[in-house]
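Engineer: Spelled out from the first residue to the last, the chains are:
There are 2 protein chains.
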Amino acid sequence: MSRTAIIAGQGVLPGLLAEALDNPAVYAVEGFAPGIPARSFRYERLVPLLDQLAADGIGRVVFAGAVRRPRLDPEAFDPRTAALVPRVAAAMGRGDDALLRELIAIFEEWDLTVVGAEAIRPDLIAAAGVLAGSPSAADRADAARAAEILSVTGPLDIGQGCVVAGGLCLAIETLPGTAPMLDFVARTRAERRGGVLFKAPKPGQDRRIDLPAIGPETITQASAAGLSGIAWAAGGVLVLDGAAMVAAAEKAGLFLWARD
Amino acid sequence: MSRTAIIAGQGVLPGLLAEALDNPAVYAVEGFAPGIPARSFRYERLVPLLDQLAADGIGRVVFAGAVRRPRLDPEAFDPRTAALVPRVAAAMGRGDDALLRELIAIFEEWDLTVVGAEAIRPDLIAAAGVLAGSPSAADRADAARAAEILSVTGPLDIGQGCVVAGGLCLAIETLPGTAPMLDFVARTRAERRGGVLFKAPKPGQDRRIDLPAIGPETITQASAAGLSGIAWAAGGVLVLDGAAMVAAAEKAGLFLWARD
Numbered sequence: 001m002s003r004t005a006i007i008a009g010q011g012v013l014p015g016l017l018a019e020a021l022d023n024p025a026v027y028a029v030e031g032f033a034p035g036i037p038a039r040s041f042r043y044e045r046l047v048p049l050l051d052q053l054a055a056d057g058i059g060r061v062v063f064a065g066a067v068r069r070p071r072l073d074p075e076a077f078d079p080r081t082a083a084l085v086p087r088v089a090a091a092m093g094r095g096d097d098a099l100l101r102e103l104i105a106i107f108e109e110w111d112l113t114v115v116g117a118e119a120i121r122p123d124l125i126a127a128a129g130v131l132a133g134s135p136s137a138a139d140r141a142d143a144a145r146a147a148e149i150l151s152v153t154g155p156l157d158i159g160q161g162c163v164v165a166g167g168l169c170l171a172i173e174t175l176p177g178t179a180p181m182l183d184f185v186a187r188t189r190a191e192r193r194g195g196v197l198f199k200a201p202k203p204g205q206d207r208r209i210d211l212p213a214i215g216p217e218t219i220t221q222a223s224a225a226g227l228s229g230i231a232w233a234a235g236g237v238l239v240l241d242g243a244a245m246v247a248a249a250e251k252a253g254l255f256l257w258a259r260d
Numbered sequence: 001m002s003r004t005a006i007i008a009g010q011g012v013l014p015g016l017l018a019e020a021l022d023n024p025a026v027y028a029v030e031g032f033a034p035g036i037p038a039r040s041f042r043y044e045r046l047v048p049l050l051d052q053l054a055a056d057g058i059g060r061v062v063f064a065g066a067v068r069r070p071r072l073d074p075e076a077f078d079p080r081t082a083a084l085v086p087r088v089a090a091a092m093g094r095g096d097d098a099l100l101r102e103l104i105a106i107f108e109e110w111d112l113t114v115v116g117a118e119a120i121r122p123d124l125i126a127a128a129g130v131l132a133g134s135p136s137a138a139d140r141a142d143a144a145r146a147a148e149i150l151s152v153t154g155p156l157d158i159g160q161g162c163v164v165a166g167g168l169c170l171a172i173e174t175l176p177g178t179a180p181m182l183d184f185v186a187r188t189r190a191e192r193r194g195g196v197l198f199k200a201p202k203p204g205q206d207r208r209i210d211l212p213a214i215g216p217e218t219i220t221q222a223s224a225a226g227l228s229g230i231a232w233a234a235g236g237v238l239v240l241d242g243a244a245m246v247a248a249a250e251k252a253g254l255f256l257w258a259r260d
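These protein sequence lines map, in sequence, to chains A and B. With the first letter of the first sequence counted as 1, position 26 gets the number 26 in my numbering; the numbers rise by one all the way through. With the first letter of the second sequence counted as 1, position 185 gets the number 185 in my numbering; the numbers rise by one all the way through.
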């Protein structure tokens, strides 16, 4: 049976997947710390990595963890990876989703099966329901409004989150991600409190890569932004360390709600 | 002939309108400084203000200048304004645009004609064309992408601006406005430069109120965010102090483009 490779970025997800795999091989994007032993690689040498995966007997690949778009060093490319640049650059201009689809396509062309984190750790996907606290009627209305907003912005390949309070959109997640968005809310709102962080995958996105994720640090950030709680599209968001999240949410007085 | 009243918030627009009017009456929202002499009023006493406008011989009203949503003091309401609260609160929950339409409707019910700033100062609306610098092909592509994004988000009653760089959306304007959005971009982007601030009215919005505006300070903020320039929907954005903007843009090396 072939081995599974974890292509790892930042955060705890690579480690969570490694726990569930038999003898996984971990390859980390240079400059990112997945928190587990890993060989590092550079995007500029993607084709040599693909050859390495074949040599290592890898048949299945899972992408895990946050990766900022790197600056690329033109001198670091090997010729075969350089030949892929026009294709990747064209996808990059169409947004994150297009870029990630193109990366998946390249891995598949090397006869690798690409699976999502949820295929390896289905327990990271919370079933619908309230996990902590209790969203009020106003919170539920805010979550519904947020879901409507993301259903419209998603096809534009923009973000996977927004903040709504009292029916008003305070922020839409863009390239910088959830933490800077919540920091923006914390900085710009006056003394008012309340509101909901809502997360959802983009409609039609490839769920094998870049599924939105929340973790205990999301609780800290949402609390600092004065929110009442966090809601997300049930089944569409990775809940990293659910037990710690529930404990942190209860301590902070925030609700957690996997919304149907 | 009846007099025109300027209902004034923050910024230079009330003064720019007053210059063009014969004997205008200026009423400022308490807590905001329109920079010209004004009687102040509180939202909680909107109906007494409307009576005052009639007593002052006002037939025409123009709203001018930025106003943050205020906190309302329940004890400050007079009974007739209090009776309007359910109606205004319902509109408020549907977004800025709905709230402003409701306010216009109330003024019109008092037999006041509500006009837009552009009816009084048509010179504040720039004709299509490049006013400063020269947008590159990449800048034009970013502006086109931004216009597409706002055409989709506008019907959600979200913002009137966004920032796109290299085809990627870095920020969408929400409740806090343009300056905090540009500050967010300045904080979150790495060393990369370039990109476009794009402003446009929301599709179908009532152009008599809350038309997006740009001014010299927008140049400073866009420059601090590392942008290449500012583009906007020609005919749909107030350009406050165009001469100073062009001078500031040329000094900062930014383009200004009223896009068809």
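Everything labelled a hint here was simulated from the structure, so no lab data went into it. All of these numbers come straight from a predicted model, not from anything done at the bench. Backbone N, C-alpha and C fix where the C-beta goes; we use that ideal spot for every residue, glycine too. Among the hints, a few may not be true.
[Said to hold, decoys possible] Residues on chain B that point at chain A, a partial pick, calculated with CB under 8 Å:
(1) N23
(2) I149
(3) I158
[Unchecked claim] Footprint (simulated), chain B over chain A, 3 or more residues, beta carbon under 8 Å:
(4) 102-108
(5) 170-182
(6) 246-254
Engineer: So, for every hint listed, does it hold in this structure?
Structural biologist: Going down the list of hints, with the structure as the test:
The interface hint given for N23(B) is broken, as the beta carbon of that residue sits about 37 Å from the closest beta carbon of chain A, more than 8 Å. Contact between I149(B) and chain A, as hinted, is supported at the beta carbon level, the nearest pair being about 6 Å apart and thus within 8 Å. Nearest Cβ of chain A to the Cβ of I158(B): about 5 Å, under the 8 Å cut. The hint holds. Only residues whose beta carbon comes within less than 8 Å of a beta carbon in chain B count, and the stretch 102-108 of chain A has 0; fewer than three means the coverage is violated.
Counting residues of the stretch 170-182 of chain A whose beta carbon lies closer than 8 Å to any beta carbon of chain B gives 7, which meets the minimum of three for the stated coverage. Requiring three or more residues with a Cβ within less than 8 Å of a Cβ of chain B, the coverage given for the stretch 246-254 of chain A is violated, as only 0 such residues are present.
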